[in-house]
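*Asks:* Following the numbering used here, the numbering of the sequence shown begins with 1 at its first residue and continues without gaps.
In short, the hints are calculated from the structure, not lab data.
No experiment lies behind these values; they were computed from the predicted model shown.
Possibly wrong hints are sitting among the right ones.
Said to hold, decoys possible - So the derived label-pair ranges between C-beta atoms look like this:
no.	residue 1	residue 2	range
1	H147	P224	34 to 40 Å
2	A195	S74	35 to 41 Å
3	K222	S100	19 to 25 Å
4	S74	E131	22 to 28 Å
5	T104	V226	26 to 32 Å
6	M143	G220	34 to 40 Å
7	D176	S100	29 to 35 Å
Unchecked claim - In silico DSSO-like links for lysine-lysine, alpha-carbon gap of 30 Å or less:
no.	residue 1	residue 2
8	K75	K145
9	K150	K221
10	K110	K221
11	K175	K150
12	K212	K189
13	K86	K75
From the three backbone atoms N, C-alpha and C, an ideal C-beta is built for every residue, glycine too.
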Amino acid sequence: MQHTLTVFGLSAVAVLALLYLNPDAAKKVSQLLHPETVAAPVRTVVATATPAPVQDAAVDTTQDKADHKYLGNSKQQQNVTSWLAKRYRVAGDAANMLVSTAYTTAHEIKLDPLLILAVMAIESGLNPFAESPMGAKGLMQVMAKVHHDKFESLGGAEAALNPVANIKVGAQILKDYVKRTGSVEGGLKTYVGAADMEDDSGYGAKVLAEYKRLKMVAGGKKVPTVTPPAPTQMVVKSAPAAPAATPAPAKPEQPAAEPHTDALATL
């Protein structure tokens, strides 16, 4: 046994010396004893392919900016809600629901929420139960009979007086008209039903003026809730003075009256 151990020890020393002097042989032996180390270089290759998420992060950032354009932030929505509630005398909770729905819908269809709110304000004064003699209904005065197909997924034409359904359908109609005409002005003219007319009787100007005020409110500026009267109303006050100079044409009638007086005198 002692001789066997001695021979084994000497053999081991000889093998170690051989491996030390021959690196290639040592590498082959190491690979045989530890085969998992062969896969190590693959891991380094995978590690070098990780910059892709950086590009994804850039895309996500761009998407966030686009979403922010339509969603705004809580402060902006609070400013708009408070201003509309005072201007149109709407309860705070109701105004908050209308503004939130407008912003959510705007995000879904990619349309400015303040434009939607401006149309709602001019069309109905934020009255969800408003109805016109022509059949326009709700906040955005949608012609339910004409656009009944757009209400099918929202409960049918009867849903025209539902605030959420009315905003969704009205905003989609407005978006389609803006896209079709290529401008907000053209879209508003078509929305009010004046597409084939020379003008829209000032409808577009009213909506855009309200839209401008809402943009200032959303930006944190103080905007009066009561719109001052238009300057043209002051001109009307001086108009009655003109008829005072009109009695002059009565003079030519006097000569005709004189023969009549002489005739009476001869009787």
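*Asks:* Run every hint past the structure and note whether it holds.
*Replies:* Hints, one by one, checked against the model:
1. H147 - P224: 34 to 40 Å: Holds, at about 35 Å.
2. A195 - S74: 35 to 41 Å: Since A195 and S74 have Cβ atoms about 38 Å apart, the given range 35 to 41 Å holds.
3. K222 - S100: 19 to 25 Å: Once the Cβ atoms are compared, 23 Å apart, the range 19 to 25 Å for S100 and K222 holds.
4. S74 - E131: 22 to 28 Å: Violated - the Cβ-Cβ distance for S74 and E131, about 33 Å, lies outside 22 to 28 Å.
5. T104 - V226: 26 to 32 Å: holds (29 Å)
6. M143 - G220: 34 to 40 Å: Holds, since M143 and G220 (Cβ atoms, about 37 Å apart) stay within the stated range.
7. D176 - S100: 29 to 35 Å: Violated - the Cβ-Cβ distance for D176 and S100, about 23 Å, lies outside 29 to 35 Å.
8. K75 - K145: violated (38 Å)
9. K150 - K221: violated (37 Å)
10. K110 - K221: holds (25 Å)
11. K175 - K150: Distance ~13 Å between K175 and K150 Cα, so the pair holds.
12. K212 - K189: Judged against 30 Å, a Cα distance of about 18 Å means the pair holds.
13. K86 - K75: holds (17 Å)
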